[in-house]
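Asker: Residue numbers (UniProt numbering): 1 to 48.
Calculated from the structure, these hints are not laboratory results.
Quick caveat: nothing in here was measured; it's all calculated off a predicted structure.
One or more of the hints may lead you astray.
Computed spacing ranges between beta-carbons, pair by pair [claimed, not checked]:
| no. | residue 1 | residue 2 | range |
| --- | --- | --- | --- |
| 1 | 45 | 22 | 24 to 30 angstroms |
| 2 | 29 | 5 | 38 to 44 angstroms |
| 3 | 14 | 34 | 42 to 48 angstroms |
| 4 | 45 | 11 | 20 to 26 angstroms |
| 5 | 12 | 42 | 40 to 46 angstroms |
| 6 | 42 | 22 | 36 to 42 angstroms |
| 7 | 10 | 32 | 37 to 43 angstroms |
Heads up, the beta-carbon is just placed ideally off N, CA and C, and yes, glycines get one too.
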Amino acid sequence: MFCSILTLCVVAYFIVDWVLHMFKVGQQRHRHVFITGCDSGFGRDLAV
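All chains, please: the whole structure from these sequences, using the hints.
Answerer: The following block contains the structure:
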């Protein structure tokens, strides 16, 4: 039982890691983000 749970966790880790690296931006320099709604909430936290 322990081995199957451990195997499942390891496989899930590699799947999540692979999915997160698919959406990675290659070169961060010369990239711009236009943030709207910066007066309060998430937009403000992201900008600051």
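Asker: Give a verdict on every hint.
Answerer: Results for each hint:
no. : hint                          : verdict
1   : 45 <-> 22: 24 to 30 angstroms : holds (26 angstroms)
2   : 29 <-> 5: 38 to 44 angstroms  : holds (43 angstroms)
3   : 14 <-> 34: 42 to 48 angstroms : violated (34 angstroms)
4   : 45 <-> 11: 20 to 26 angstroms : violated (34 angstroms)
5   : 12 <-> 42: 40 to 46 angstroms : violated (28 angstroms)
6   : 42 <-> 22: 36 to 42 angstroms : violated (24 angstroms)
7   : 10 <-> 32: 37 to 43 angstroms : holds (38 angstroms)
Hint check: violations occur at hints 3, 4, 5 and 6; the rest are consistent with the structure.
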